[in-house]
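K.L.:
Chain C is fixed; fit chain L onto it per the hints.
Taken in sequence, the protein lines are chains C and L. Per this note's numbering, the very first residue in the first sequence carries number 16; after that it's consecutive. Per this note's numbering, the very first residue in the second sequence carries number 4; after that it's consecutive.
In case anyone wonders, no lab produced these hints; they're calculated from the structure. Even glycine gets a Cβ: it sits at the ideal position worked out from N, Cα and C. There's no promise every hint is true.
Unchecked claim - Going by beta-carbon spacing under 10 Å, a handful of chain C positions derived as facing chain L:
(1) V187
(2) T191
(3) R192
(4) L193
(5) R196
(6) A199
(7) E202
(8) H203
(9) A207
(10) A210
(11) G211
(12) I212
(13) P319
The primary structure of each chain is shown beneath.
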Amino acid sequence: MTAVSDILHLLVTADLWQAALAAAVLLLLPALGGVISERSGVVNIAMEGMMLSGAFFGVVADLAWHNVWLATLVAILAGGAMALIHAVVSIRFRADQIVSGIAINIFAAGLTVFLVRRIYGLQDIGHVGPSELLPNVNIPVLDQIPFLGQVVFRQNVVVYAALVLLVLVHVVLFRTRLGLRIRAVGEHPHAADTAGINVYMIRYGSVITSGLLSGLAGAFLAIGVSNTFVPNMTDGRGYIALAAMIFGKWTPGGAFLACLIFGLGEAVYANNSTIHVSPYLLSMLPYILVLVVLAGVVGRSSPPAADGLPYVPGAE
Amino acid sequence: MSGPAPGALAVEMRGITKAWPGVVANNGVDLSVRAGEIHALVGENGAGKSTLMNILYGLIRPDAGEILLGGAPTRIAGARDAIAHGIGMVHQHFMLIPVFSVGENVMLGREPVTGGAFYDHARARREIEKLTQRYGLALDPDARTGDLPVGLQQRVEIVKVLYRGADILILDEPTGVLTPQESAELFGVLRDLVKNGKTIIFISHKLREVLEISDRITVMRRGKVVGHLVTKDTNEQEIATMMVGRAVLLRVDKKPAKPGPAALHIENLTARSDQGLPALRDVSLDLHQGEILGIAGVEGNGQSELVEVLAGTRHATGGRIMLGDRDVTAFDARADRDLGIAHIPEDRRGAGLVLNFSIADNMVLGRQRAPAFSWRGVVLRLGAIGEWAQRLVKEFDIRAPGIGTAARALSGGNQQKIIVAREMASRPRVLLAAQPTRGVDIGAIEFIHRQLVAERDEGTAVLLVSAELDEIRSLSDRIAIIYEGRIVSIEPADTPEERLGLLMTGGGGAA
Numbered sequence: 016m017t018a019v020s021d022i023l024h025l026l027v028t029a030d031l032w033q034a035a036l037a038a039a040v041l042l043l044l045p046a047l048g049g050v051i052s053e054r055s056g057v058v059n060i061a062m063e064g065m066m067l068s069g070a071f072f073g074v075v076a077d078l079a080w081h082n083v084w085l086a087t088l089v090a091i092l093a094g095g096a097m098a099l100i101h102a103v104v105s106i107r108f109r110a111d112q113i114v115s116g117i118a119i120n121i122f123a124a125g126l127t128v129f130l131v132r133r134i135y136g137l138q139d140i141g142h143v144g145p146s147e148l149l150p151n152v153n154i155p156v157l158d159q160i161p162f163l164g165q166v167v168f169r170q171n172v173v174v175y176a177a178l179v180l181l182v183l184v185h186v187v188l189f190r191t192r193l194g195l196r197i198r199a200v201g202e203h204p205h206a207a208d209t210a211g212i213n214v215y216m217i218r219y220g221s222v223i224t225s226g227l228l229s230g231l232a233g234a235f236l237a238i239g240v241s242n243t244f245v246p247n248m249t250d251g252r253g254y255i256a257l258a259a260m261i262f263g264k265w266t267p268g269g270a271f272l273a274c275l276i277f278g279l280g281e282a283v284y285a286n287n288s289t290i291h292v293s294p295y296l297l298s299m300l301p302y303i304l305v306l307v308v309l310a311g312v313v314g315r316s317s318p319p320a321a322d323g324l325p326y327v328p329g330a331e
Numbered sequence: 004m005s006g007p008a009p010g011a012l013a014v015e016m017r018g019i020t021k022a023w024p025g026v027v028a029n030n031g032v033d034l035s036v037r038a039g040e041i042h043a044l045v046g047e048n049g050a051g052k053s054t055l056m057n058i059l060y061g062l063i064r065p066d067a068g069e070i071l072l073g074g075a076p077t078r079i080a081g082a083r084d085a086i087a088h089g090i091g092m093v094h095q096h097f098m099l100i101p102v103f104s105v106g107e108n109v110m111l112g113r114e115p116v117t118g119g120a121f122y123d124h125a126r127a128r129r130e131i132e133k134l135t136q137r138y139g140l141a142l143d144p145d146a147r148t149g150d151l152p153v154g155l156q157q158r159v160e161i162v163k164v165l166y167r168g169a170d171i172l173i174l175d176e177p178t179g180v181l182t183p184q185e186s187a188e189l190f191g192v193l194r195d196l197v198k199n200g201k202t203i204i205f206i207s208h209k210l211r212e213v214l215e216i217s218d219r220i221t222v223m224r225r226g227k228v229v230g231h232l233v234t235k236d237t238n239e240q241e242i243a244t245m246m247v248g249r250a251v252l253l254r255v256d257k258k259p260a261k262p263g264p265a266a267l268h269i270e271n272l273t274a275r276s277d278q279g280l281p282a283l284r285d286v287s288l289d290l291h292q293g294e295i296l297g298i299a300g301v302e303g304n305g306q307s308e309l310v311e312v313l314a315g316t317r318h319a320t321g322g323r324i325m326l327g328d329r330d331v332t333a334f335d336a337r338a339d340r341d342l343g344i345a346h347i348p349e350d351r352r353g354a355g356l357v358l359n360f361s362i363a364d365n366m367v368l369g370r371q372r373a374p375a376f377s378w379r380g381v382v383l384r385l386g387a388i389g390e391w392a393q394r395l396v397k398e399f400d401i402r403a404p405g406i407g408t409a410a411r412a413l414s415g416g417n418q419q420k421i422i423v424a425r426e427m428a429s430r431p432r433v434l435l436a437a438q439p440t441r442g443v444d445i446g447a448i449e450f451i452h453r454q455l456v457a458e459r460d461e462g463t464a465v466l467l468v469s470a471e472l473d474e475i476r477s478l479s480d481r482i483a484i485i486y487e488g489r490i491v492s493i494e495p496a497d498t499p500e501e502r503l504g505l506l507m508t509g510g511g512g513a514a
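Same shape as in the complex, but just chain C (with noise of 0.2 Å):
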């Protein structure tokens, strides 16, 4: 019973809920990119290899140019080549779309590991100084509301421009001429062509966004939260963030609300010295929460009706 208290305790922390945020941003953007994707009618399970990507080419770029800016937008780049290749085997020669994306996740970490030993020599890729770091940045004024101040504005810039992000996707998907193509073009392509949408492009479009988001998000993981990239990092982020779109119902909202239950369960467990039960246990909480988000507590959700479904013009 000691450990419910102490968690119980934990949770008033405004401490625990920055974190918490922090880790959830790191899911959220693979998760809109998911969202993205999806809507568009690409399945989309490689958000972990575009991360992993994004990680590894921005701590490269860092070291070779000592500026953290370039360096994200190669991270974000790179996220986008790994979903270029999802986009043309999927797309172009309508592949399965979950057998491409174990592809791109197995060939991203396979590539990291590989280019590591190869530039840097076996595992030592060296440490980003702390200058060449996403930094943290705290709002003026609003970071002095109690409690509230501390979680949401006293964080790293990408947990704030996610969090425009959000906005942007939910506007721009439910709001806007693009969003209706969008959707549009993942639930019947070839309702979509008849209108005289290009459904390929729009699927392009949307899978190479998927890919930037990720990226940015494995800029976050290796250059903002950590200093270095180390074999495998994202550490099944990019999976959760896929159970996190489930849960979400496809919709950006929801994959953020899902983000924060993970991103709270990641956080409790950085917390474990403090919790007296095992950290293996806490460690994993997450994977717990995501088994079970599966196995449909949240009812029932229906993806975009031509998801996964690759587009054959003039075919019923």
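P.N.:
Only chain L this time, still in chain C's reference frame:
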């Protein structure tokens, strides 16, 4: 945009040829459509009508041939091009997104925007109101499209096409999913559109409709045009003969039924739909030996669920089903089958066949445990299965390269014949036939109809569910009308179509 003067050629397609690997879908096809007419394009499945129209609409690029619009040679490279040239298409399978509102569906591709990017709901609503008033097509722009009845969904499709400024409307099998009332309404709409200066190309294989609505007819068979007809100078038989290439019996030839005792007794049966809503409410029916009992109803009124419950693939939530004196209410499909209830499912490709299996394997599906086909229900007797399949293929005139051919490779009609052959050959006491001729050619329809009547004459109790009223009326000995999960009336076979139509939509002073 105003089209060419009435009577001038609005569309001319010359020497259109399109080949897919293994088939020539269009072979030197000529089509000319006059401005302001309703031009019917008829032919069996696979005759190349849809290919031709998809070429006109820019979805498929022809290998050869040219298209003239209003006399000018035109290249149509895609749907966008076709729309720009004033061509609109109402597809057989609606190109609508069920989760979108009517407004969003109509606007899609030409959405009004504010601030350069934001979808403008207010203007969308106004645009639809304008069209609604001009053409007399009432629609609620904010309704969720998937919730609308099929007739209204089709109206959304038509409004969508008009919104894009179409002068030439292609309608692909538009009445396939409509009730007689909805069809009549559609024809009224089409006549109004023609009065408004539109030109209509009407694809159909329902000859009575074609004769009713069109001015001229082009008949296709196996990728070629086999006849140009003027509607008022032709008749059903002439068109059917052209379509099939031989004389076809359009009316089902049958003797009066000699019904025996009730084979299937259904009492206060209730069941739920996939969505968990009540689909059957207190259905009571007696199905007699040696009769065909037709179930008429607008799709989605419980007829699918009724057949599934009887076949054992859906649970009843109440009531009783008696096969002779046995209560089979709780029996699953296997037990029902073993007792002699055969089932031709409405979803041929999903529930009737394993598409990747050979014809031979499909012929014994559900009966693979029978001693004739397997040793102790474990090891298949391939030789016996092969002979059995050979025999049925011959008997039911299934056109296929061989019994090893995958069912997927066959035409819809031949796929359906596999199911019909398998189910009838099991010598059932009760035959449940759900949409037995859906999407099947006239030739195959004729054959399947004859088989159903023959089955009846041998004393089988046949339950026929069909969306085609013509089929129900020509085959059935009695007609039960189902509406919102209830049998609202049982009518004799010669009940006028209008009365049936009324009953099907909840009118007609049903008991």
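K.L.:
Work down the list of hints and note, for each, if the structure agrees.
P.N.:
Right, here's what the structure says about each hint:
no. : hint : verdict
1   : V187 : holds (8 Å)
2   : T191 : holds (5 Å)
3   : R192 : holds (5 Å)
4   : L193 : holds (7 Å)
5   : R196 : holds (7 Å)
6   : A199 : holds (6 Å)
7   : E202 : holds (5 Å)
8   : H203 : holds (5 Å)
9   : A207 : holds (7 Å)
10  : A210 : holds (3 Å)
11  : G211 : holds (4 Å)
12  : I212 : holds (5 Å)
13  : P319 : holds (9 Å)
Comparing the model with each earlier hint shows no violations; every hint is respected.
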